[in-house]
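*Asks:* Protein chains in written order, with this note's numbering: chain L, 2 to 292; chain P, 2 to 292.
Calculated from the structure, these hints are not laboratory results.
Treat the hints with caution; some may be incorrect.
You can't tell identical chains apart in this list, so a pair holds if it fits in one copy or across any two.
Here are the simulated EDC-like pairs of lysine to aspartate or glutamate, each with C-alpha atoms no more than 16 Å apart in a straight line [claimed, not checked]:
| # | residue 1 | residue 2 |
| --- | --- | --- |
| 1 | K133 | E115 |
| 2 | K220 | D264 |
| 3 | K133 | D116 |
| 4 | K220 | E234 |
| 5 | K133 | D14 |
| 6 | K101 | E131 |
| 7 | K106 | D14 |
| 8 | K106 | D116 |
| 9 | K220 | D288 |
2 protein chains.
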Amino acid sequence: MNLTWVNGKYLEDEKACLHVSDLAIQRGYGVFDFFAVTRPVPFFLKTADSQPGKPGKPFLLSSYLDRFFHSARGLNLEVPVSREELNRIIDEFIVKNNLKKHGIKLTLTGGYSEDGYQPVAPNMIIRAHELKIPTKEKYQQGFRVMTHEYQRSTPGYKSLDYRHAIALIPTLKERGLDDVLYCYHGIITEFPRSNFFMVDQNDRIVTPASHILEGITRKAVLRVARDHFEVQERDVFVDELINAKETFLTSSTKSIMPVTQIDGHNIGDGPGKITRKLSELLFELADDFEF
Amino acid sequence: MNLTWVNGKYLEDEKACLHVSDLAIQRGYGVFDFFAVTRPVPFFLKTADSQPGKPGKPFLLSSYLDRFFHSARGLNLEVPVSREELNRIIDEFIVKNNLKKHGIKLTLTGGYSEDGYQPVAPNMIIRAHELKIPTKEKYQQGFRVMTHEYQRSTPGYKSLDYRHAIALIPTLKERGLDDVLYCYHGIITEFPRSNFFMVDQNDRIVTPASHILEGITRKAVLRVARDHFEVQERDVFVDELINAKETFLTSSTKSIMPVTQIDGHNIGDGPGKITRKLSELLFELADDFEF
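Could you put the whole structure together from the sequences, leaning on the hints where they help?
*Replies:* Written as structure tokens, this is what we have:
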């Protein structure tokens, strides 16, 4: 894991640089996406690595690439390689770096903009990142979070805009919390890097429908949930949390993570029955499942 | 103009790079500021360059540095040099690059973040940019703009967050417009890179009071205006535009630029009398004026 792809060239990672005129550095302008190469096994299903020594296979790659191209279009950036070519490069990248339990991040920036404002030919980066899987202890304990009034503009594109969330990190640390749950005018939307789910008193799986980034793990959870539960995609009000039986978040890194406390109010007692059931169902979904 | 300062070292500009793990590239996280080295002379006062061959002197530097440190604190980033040291470096930077009619951009990013989310020791860049001064023709014509519903979060810090504005560039081009004027719930706030002013029917100078980045040129214009006009800093409603005698914008690059059309509605007939008067007063303000 030490080759990084920059604009068509493989570089030793420490040499993977962008000139300071890049529009990400000048104006935070760019999009990215991130997907796992071989999903982590949920700890309660822990088995021996089934394919030791073999490079991994990206989980739901097709959906991630759909979203990457969608984000690029949303910010008027042209991906400099075709979809077919990108698939080939990702395969090559995995083999060259012998990736097994990593994530791959695709980044596309506004390019080397002379006037520091107008996007030009984008710079593109493909880089491997260690997957920081939550521990068994963390899953058992669940996330403790606080709500926070904020709405991202155009959240449907996975842009580089995380300023608001990152500026809140010291507040979270001070309060011993794991994350912030955005809400706006009384309606819950999402976490900065994860989607929100609630199990209501009738065992319905409920998740916010709009003003969110539609996570690929969210989509996969909805898919597997529909076969076993009633599912609702709709506005979820902060006031409803008091009646939630279980809450959890979904993300590419964390898969499903129980959320056991919101604004000091405890929800359930550790990971709920349905949360665990969905974790299992999600893991059973084929790597190349097509929606 | 070819040396760029990166983390304490002067580099040939083409070698001024940041590693792709920088938090500006990963998450758009950072702040900056920009100030002119010797202000442009308004075209209607055009005289010979008063100090040919001598390096320039930054305009209102103290206010820009106040804001740069303020922005850094707001995003929990520590400027790696003291205020005193930064003053010295800027003087040195101007002499080394023999800058006369340029702008200087200070950028501070979230640093080389291993987990791609948490800020670490910041990277700092000092770079010279050509000042793109609006032409006489453009001043005479004035800017044509459209209003657009949007509110930046924490606009008081000069962060790298320009995604929303930059994504609108194609729309502006398509409509032959110069800029977008943000408003929110019927209240005008600011342009993405400039502040908004209106001259009302009673020759009062009116400018939005809150939910804006407080521009240094805005502050200077308010200062010189108070000696000659009644000044109001308050909420300005979109509905009031219909009664504006003159409108203009202020920015470090553009100084004062008339705005002669908003949403297809013409305001005045070219640069207004008071707009021109303020342009002159602003130019007379001493480089090192202290507020």
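*Asks:* Are there hints from earlier that the structure breaks, and if so, what are their numbers?
*Replies:* Hint check: 2, 5 fail, others pass.
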